[in-house]
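A.B. asks: Using the sequences plus the hints, can you model the full thing?
So the sequences go chain by chain: A and B. Taking the numbering used here, I'd label the letters of the first sequence as residues 30 to 192. Taking the numbering used here, I'd label the letters of the second sequence as residues 246 to 577.
For the record, the hints were derived by calculation from the structure and aren't laboratory data. Quantities reported herein were computed from a predicted structural model and do not represent experimental measurements. Be careful, since some hints might not be right.
Claimed, not checked - Covered stretches of chain A, going by a simulated chain B footprint (3 or more residues, C-beta under 8 Å): (1) 108-115; (2) 137-147; (3) 150-158; (4) 178-188.
Don't be surprised by glycine CBs; every beta carbon is placed ideally from N, CA and C.
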Amino acid sequence: MKLEIKDAPGQLVAALKPISEVGGNIIAVIHQRDEKQRGGFLSVQIVLELPENRLKDLTRLIREQGVNIQRIGHERLLYQKAVMVIGHLIHTDLGDTVDRIDRTGFAEVTELNISMPAISQVSSARLLIKSVNKEDMEQAMAILRRVAKEKEFLLVEPLEEVE
Amino acid sequence: MRVALLGMGSVGRGVLQMIGEKDLGITVTAVADSRSALIDRDGISIEEVLAAKARNGFCGDKAISAMDVVTGSAYDVLVEVTPTNATTGEPALTHMLCALERGRHVVTSNKGPISREFSRLREIAVEKGIQLRYEATVGGAIPIMHTLEQGLAGNRVLAIFGVLNGTCNFILTRMAAEGLTYEQALLEAREMGYAEADPTYDVKGIDPAIKLVILANTFCSHSVSLEDVDITGIDRLTNDALRLAEEQQCTIRLIAEAIPDRGILRVAPRLLPLSHPLVVEGTLNAITIETDMAGEITLIGKGAGSVETASAIIGDLLYIRDTHAGRHSKTA
Numbered sequence: 030m031k032l033e034i035k036d037a038p039g040q041l042v043a044a045l046k047p048i049s050e051v052g053g054n055i056i057a058v059i060h061q062r063d064e065k066q067r068g069g070f071l072s073v074q075i076v077l078e079l080p081e082n083r084l085k086d087l088t089r090l091i092r093e094q095g096v097n098i099q100r101i102g103h104e105r106l107l108y109q110k111a112v113m114v115i116g117h118l119i120h121t122d123l124g125d126t127v128d129r130i131d132r133t134g135f136a137e138v139t140e141l142n143i144s145m146p147a148i149s150q151v152s153s154a155r156l157l158i159k160s161v162n163k164e165d166m167e168q169a170m171a172i173l174r175r176v177a178k179e180k181e182f183l184l185v186e187p188l189e190e191v192e
Numbered sequence: 246m247r248v249a250l251l252g253m254g255s256v257g258r259g260v261l262q263m264i265g266e267k268d269l270g271i272t273v274t275a276v277a278d279s280r281s282a283l284i285d286r287d288g289i290s291i292e293e294v295l296a297a298k299a300r301n302g303f304c305g306d307k308a309i310s311a312m313d314v315v316t317g318s319a320y321d322v323l324v325e326v327t328p329t330n331a332t333t334g335e336p337a338l339t340h341m342l343c344a345l346e347r348g349r350h351v352v353t354s355n356k357g358p359i360s361r362e363f364s365r366l367r368e369i370a371v372e373k374g375i376q377l378r379y380e381a382t383v384g385g386a387i388p389i390m391h392t393l394e395q396g397l398a399g400n401r402v403l404a405i406f407g408v409l410n411g412t413c414n415f416i417l418t419r420m421a422a423e424g425l426t427y428e429q430a431l432l433e434a435r436e437m438g439y440a441e442a443d444p445t446y447d448v449k450g451i452d453p454a455i456k457l458v459i460l461a462n463t464f465c466s467h468s469v470s471l472e473d474v475d476i477t478g479i480d481r482l483t484n485d486a487l488r489l490a491e492e493q494q495c496t497i498r499l500i501a502e503a504i505p506d507r508g509i510l511r512v513a514p515r516l517l518p519l520s521h522p523l524v525v526e527g528t529l530n531a532i533t534i535e536t537d538m539a540g541e542i543t544l545i546g547k548g549a550g551s552v553e554t555a556s557a558i559i560g561d562l563l564y565i566r567d568t569h570a571g572r573h574s575k576t577a
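C.D. replies: Structure (C-alpha cells):
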C-alpha cells in the first residue's frame, strides 16, 4: 500500500505501528524522499503480509494515526493448503486438473510434486493451492473434490481444527 | 454385584481373568459362549470355567444357551461381549433388549447393536431407570465415554477427531517408516495378528465409521447411522504419498471426524503435521475432543487387546456398582 505521511520525526513509526497491532508482517518499506509532495508530505510504499480479514482494521488504525492512504495494491495469494492426490493423474489430463483450479481466478496451484512409479501404476502428487482468503480456498477445495470424484482420484485433505 | 457374561472370546476371557484376579466385589453368576453356558447363583469358579474353555473349546453345559442365561439366571448386570455383527447386531441385540426389559443393566463392547439400535436401546434403559454402558466399543482402553460424560460434564462438544482403528494406523505407520507398499504393510499386519483375514471392515474405514456413529449419537445428540458417514478407506494410499507428505513434515492418518454444527461426519485419510497429537504410532488409538469450556483434550491409548478392553468394561461395571449400588441384589 502507498501511504502519505508528514515529513516529521516519528511519523513513519506511527504509520507502521498498526501493522504489528493487527498481526501483520512488513516485508518492505520503500521511502521515496525525492517524491516530496505538497505541504511537506512524503510518500511511503509498504509491502506487507496480513492475516485474513484484517485489512479493514488496518486501514482504520492507520487513518487514526492521521496518515492518508493513497492506494492499496493487489492482495496476493496468501492462504495456502497442501493436499495429496492419488490416481491416474497423467492419463486423466493433469493439465486440466490444475487448470480447473487456476481458471477460477481466485485460487491457483502454485506447486506440484508428483511421483510416477510405473506406467500402469497410480501416481501420487502433492499440490500446493493458494488463495486470497479462506472462502476462496473452500471453493477451490470443492472444485478439487468434484474433479477427484470425476477422475477417480483419492484426495487427501489436511486436517484442520474447528475455529 | 452379580454379573452374567456372554461371549468367551478374547475380551470375555480378559474380563473374567481380571474379575478373578482383582478384588472388585463382583460375583460372576453365569457365563455363556456360542455353544454352552454355566449358571450358578452363588458364583461360578472363574479359574475352572477358563480352564474348561481352554480344554474343551466351550465353557459349560451344552443344554443351556446364552438366551437361557439372559432370561433365566440371576444377575444385576449383563456383560455382552459376543462377536460383533455390524449388519444385524444379532444375537447381541436380542440379548441386550431382553436384559434391559428385565430391568438389568447392560455393559457391552459390541459395536453392532450400539451403532444400529442405539435410540431403541437407550429408550428402554431410560424408561427402566437402568444403565446401558459401552465404553469398550470405542477406543479400547481409552476412557472416552467417562471423560466426556463425567469429566467434561456440562461441556458442549464442538468436534471430535479420532484415530479409531489400530489396524489402519499400524499399516500407515509401517508404510511411512519403512516405505512399504500398502499391500506389504497389510500382509505384515496380518502376520502380527492386527488384521483379520478379511480386512475390509478396517481398511475401508467402516470400523472407525461405526465408532464415529456411536460417539456422535452419544455426544452430539442427533440420531445418525452408518449411512450418514462419508467414508474413504486407506486401501488406495501409496507409499509415495506418504513420502511426499513427509517431505513437508507431515504424514497421513485415517481420521474419523464429527463436527455437529457443520453437519460433518467423515472418515478419511488426512494430512497432518508430524507434531500433531493425533499422529500416534502402531496400533495406538487417539481421540481429540473439542468442547466449549475445556477446549481441546487428546487421549491416547491402546485401542484393542484382551485386558485393555477388559479395563473399559470393568470401568463401566464399577461405575454401575457405585451409582446403583445393590439395586437388584435381592431380586432373582
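A.B. asks: Three residues minimum, CB to CB under 8 Å: does the region 150-158 of chain A make the cut for coverage by chain B? Let me know.
C.D. replies: It holds, with 5 qualifying residues against the three required.
A.B. asks: Under a C-beta cut-off of less than 8 Å, do 3 or more residues of the region 178-188 of chain A approach chain B closely enough to confirm the stated coverage?
C.D. replies: holds (count 5)
A.B. asks: In terms of beta carbon proximity below 8 Å, does the region 137-147 of chain A have 3 or more residues touching chain B?
C.D. replies: holds (count 3)
A.B. asks: Taking 8 Å as the C-beta cutoff, is the stated coverage of the region 108-115 of chain A by chain B satisfied by three or more residues?
C.D. replies: Per the Cβ count (4), the hint holds.
In this structure, none of the earlier numbered hints is contradicted; all agree with it.
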